[in-house]
Amino acid sequence: MKKFFSVADVDSLEAIVQEALSLKANPNAYEHLGKHKMLGLVFLNPSLRTRLSTQKAAMNLGMNVMVMNMDKDGWALETRDGVVMNGTTVEHIREAAAVMGEYCDILGLRSFPSLKDKEADYTEDLFNKFVKYCGVPVVSLESATRHPLQSLTDLITITEHKKVAKPKVVLAWAPHVKALPQAVPNSFAEWMSKAQEQGLVDFTIAHPAGYELAEEFTQGATITHNLEEALQGADFVYVKNWSSYKEYGQVYPVSDNWMLDNQKLTLTNDAKVMHCLPVRRDLELSSEILDGPNSLVIKEASNRVWAAQVVLKRMLENLNK
Amino acid sequence: MKKFFSVADVDSLEAIVQEALSLKANPNAYEHLGKHKMLGLVFLNPSLRTRLSTQKAAMNLGMNVMVMNMDKDGWALETRDGVVMNGTTVEHIREAAAVMGEYCDILGLRSFPSLKDKEADYTEDLFNKFVKYCGVPVVSLESATRHPLQSLTDLITITEHKKVAKPKVVLAWAPHVKALPQAVPNSFAEWMSKAQEQGLVDFTIAHPAGYELAEEFTQGATITHNLEEALQGADFVYVKNWSSYKEYGQVYPVSDNWMLDNQKLTLTNDAKVMHCLPVRRDLELSSEILDGPNSLVIKEASNRVWAAQVVLKRMLENLNK
Amino acid sequence: MKKFFSVADVDSLEAIVQEALSLKANPNAYEHLGKHKMLGLVFLNPSLRTRLSTQKAAMNLGMNVMVMNMDKDGWALETRDGVVMNGTTVEHIREAAAVMGEYCDILGLRSFPSLKDKEADYTEDLFNKFVKYCGVPVVSLESATRHPLQSLTDLITITEHKKVAKPKVVLAWAPHVKALPQAVPNSFAEWMSKAQEQGLVDFTIAHPAGYELAEEFTQGATITHNLEEALQGADFVYVKNWSSYKEYGQVYPVSDNWMLDNQKLTLTNDAKVMHCLPVRRDLELSSEILDGPNSLVIKEASNRVWAAQVVLKRMLENLNK
Chain Z
1 MKKFFSVADV DSLEAIVQEA LSLKANPNAY EHLGKHKMLG LVFLNPSLRT
51 RLSTQKAAMN LGMNVMVMNM DKDGWALETR DGVVMNGTTV EHIREAAAVM
101 GEYCDILGLR SFPSLKDKEA DYTEDLFNKF VKYCGVPVVS LESATRHPLQ
151 SLTDLITITE HKKVAKPKVV LAWAPHVKAL PQAVPNSFAE WMSKAQEQGL
201 VDFTIAHPAG YELAEEFTQG ATITHNLEEA LQGADFVYVK NWSSYKEYGQ
251 VYPVSDNWML DNQKLTLTND AKVMHCLPVR RDLELSSEIL DGPNSLVIKE
301 ASNRVWAAQV VLKRMLENLN K
Chain C
1 MKKFFSVADV DSLEAIVQEA LSLKANPNAY EHLGKHKMLG LVFLNPSLRT
51 RLSTQKAAMN LGMNVMVMNM DKDGWALETR DGVVMNGTTV EHIREAAAVM
101 GEYCDILGLR SFPSLKDKEA DYTEDLFNKF VKYCGVPVVS LESATRHPLQ
151 SLTDLITITE HKKVAKPKVV LAWAPHVKAL PQAVPNSFAE WMSKAQEQGL
201 VDFTIAHPAG YELAEEFTQG ATITHNLEEA LQGADFVYVK NWSSYKEYGQ
251 VYPVSDNWML DNQKLTLTND AKVMHCLPVR RDLELSSEIL DGPNSLVIKE
301 ASNRVWAAQV VLKRMLENLN K
Chain W
1 MKKFFSVADV DSLEAIVQEA LSLKANPNAY EHLGKHKMLG LVFLNPSLRT
51 RLSTQKAAMN LGMNVMVMNM DKDGWALETR DGVVMNGTTV EHIREAAAVM
101 GEYCDILGLR SFPSLKDKEA DYTEDLFNKF VKYCGVPVVS LESATRHPLQ
151 SLTDLITITE HKKVAKPKVV LAWAPHVKAL PQAVPNSFAE WMSKAQEQGL
201 VDFTIAHPAG YELAEEFTQG ATITHNLEEA LQGADFVYVK NWSSYKEYGQ
251 VYPVSDNWML DNQKLTLTND AKVMHCLPVR RDLELSSEIL DGPNSLVIKE
301 ASNRVWAAQV VLKRMLENLN K
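Taken in order, these protein sequences are the chains called Z, C and W. Mapping the first sequence onto our numbering, position 60 (from 1) lands on 60, and the numbers just tick up by one. Mapping the second sequence onto our numbering, position 99 (from 1) lands on 99, and the numbers just tick up by one. Mapping the third sequence onto our numbering, position 172 (from 1) lands on 172, and the numbers just tick up by one.
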């Protein structure tokens, strides 16, 4: 594996999940694989779970880790070519990425979308340039349009907790006070769509009108504007807010009640409830669910380690070839 | 040891000091104890000595360390239950602590008091909730009301430098330009009170009227408003500013001269002078003392490593059981 | 080696370059040298290349590393003696440096000049006090007047890429939008002057009138205000902006075109082009050069690791004696 950016970078979902679960059973089994190897984690935006879980995964593999919080250093990167750099950007991504690639064997990059320039965000301009210029394998720590370590984590968590061979999985939009990226739901949708193709899940998306995700992520999914209908017989409900893709980055008023609570949960097949965190309690998701027996959110966050570790392991194995 | 929050978490003070001194004599003797163990250090407020000394202690024990500076990330935590999180807090401590507990074997937490809400500060609401929800052993890196790693350090330092079996130790209030927490003096007072009970020291507190500490910390101590009187025959003087407990967080004007200098030191038994640092020179404590032979402040700061290391060692031994 | 601050801390330039190149050929050969040793990296100003390369060098040597970003913590240091600290500085460098020296076997310090107080900057007040009070070996990570790890890197890079025994090296001033320190050009000039003395290079400096560097750094160099003249027959062109030393920290308007491009490069002996980075594209240096075959900037940045590693190796060897 030379890049981990989307579900397209993985062949068999079942195989990678099983490999992750074997790492979970034996976290230090491959600690010699990363000896003398350096992982660089570059954050253009803040991170808690992603930073800690990826750092821990790397340490389990015996790697050294260096963290660069570029958001707080005011280290503004230029990404455009052909501009005279006489403004506020202090370094071009061509040099910045290339230099980091000299010091690190593998790099991770987190970069949120602008939510203003749809084309720049959806062509993944920054992430792609970083990959192009750094010259080493890159793992996405969440990019403008995807959060693949989260989605792999989610599939691992679903696999661990499913009670039927092919569970019904529902991605359910939820309210928020801010305009959030589409990265997590896009990514979850493309992973679940592929999991559905591979016979692993049955996948439905529920959101209010106006919150349609870009079609490239939702191939094969059942899509509805009726939350109650979607919840019927659900085995897993994945709760997440996102802003509009069509009216890019906008937030439409939603009059219906889209917050999942115990009453709505009675419509499901005693569904397990998931969320990528951080979660706004009693706005996105009710406290009664988060504190009750159906919540998987902490176990899900815990599994972030094994998703990161299986990706790093595959990259290290590829390096050593 | 599952928690290190106050002197109540330690039975024999003499035993823990001797164990710390044996680690000082042989820093890497237990480096296999922390192998494959992760320490997470969470800072809601800035730190220099605490971060570096605890990191070093963990590395001496062979642990991996991850540092989270949440003060600078604007990662505002919600601690109240039952509120709709539609404001500025981005994550509830229930989730944040639980997730960190999944990635770490031991956690450290630093969180200063508000100095505005006495009840929230003195019930140690934040620290206690963090302990409750994270599910792993927690070491206080200074909380609203206590700084136990500092106090253990101070006892180690007194033990190393005492010339008599039961030295006279004086906690002496000193001036400052800001309103400071009571955590360091509270903690020093409760550790010295217990040390006095165990026959290790004779303990006196001197402060201007209005600067009384909460009584729960000062049981058994001699308390005076007369600095000169307190200094008579002192073997150690521990200099520290704090704001008022009664008029919570307030600073009363003090007309008398409470800054320790060489002249005042002549009243003592050639006392050694201590301070937890950072110290405001010639405001809290005179330069002539800090630069002279009676100052222990650097040796004291150095001992922070062994205080942290003995606490982590005891927690690791408990984990491995 | 107990201090690495200027070219005066190195005897034979050829010997240290060869030692660095042997580390490059075998990065982990000395990984037992740093076992149980702690490197502390103190940044009073931001850093990318220096932090990452020095951290990697230390890890290659088996050291532990702790990073302190004091610029962002608002941990304002007092450096003057005899002042009552009742203002904004929270700790005196006497205590801060001494404490860090207790926790670390070797320290690195980055501190930029004020560009306002020429005397304080050029007496290296802060750096010298830090060295004096910390009590352990100190490596400069760039100080007010010098950046020696960069200059050693540059000499390594020139040695690797030279096609003649004694190449012509030109330091060429370039435009910028901000007033930059003289540290990099000062340091490069003093290293190249010494390299010239030792028969390794032929050294020329080109800058507009008014941009003269302090004479202590440029002994033996040919100095001209004519860029085209300087470029004649050059084997290496080192491009860098700096502000005025005479009118300290000022920026004079420069009407001539001082940006290096491919056309100017035709005057040279197919010169390799160097820059310490970050570089402002098409302001300091043309994109066509940066993206073309004559640029060494990425290889140069990569060599930062070996410069740091040879310095740390020599300090460790001295410690262990």
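Quick caveat, the hints were computed from the structure, so don't treat them as lab data. Some hints here could point you the wrong way.
[To be verified] Computed footprint of chain W on chain Z; a stretch qualifies when at least three of its residues, placed anywhere within it, have a C-beta under 8 Å from a C-beta of chain W:
#, segment
1, 33-41
2, 84-98
3, 217-227
Even for Gly, the Cβ is constructed at its ideal location relative to N, Cα and C.
Now the hints, each set against the structure:
1. Here the segment 33-41 of chain Z counts 3 residues with a CB under 8 Å from a CB of chain W, which clears the bar of 3, and the coverage holds.
2. Figure legend: the segment 84-98 of chain Z, annotated as covered by chain W; annotation consistent (11 residues with Cβ-Cβ distances under 8 Å, at least 3 required).
3. With 0 residues having a Cβ less than 8 Å from any Cβ of chain W, the segment 217-227 of chain Z misses the three-residue criterion, and the hint is violated.
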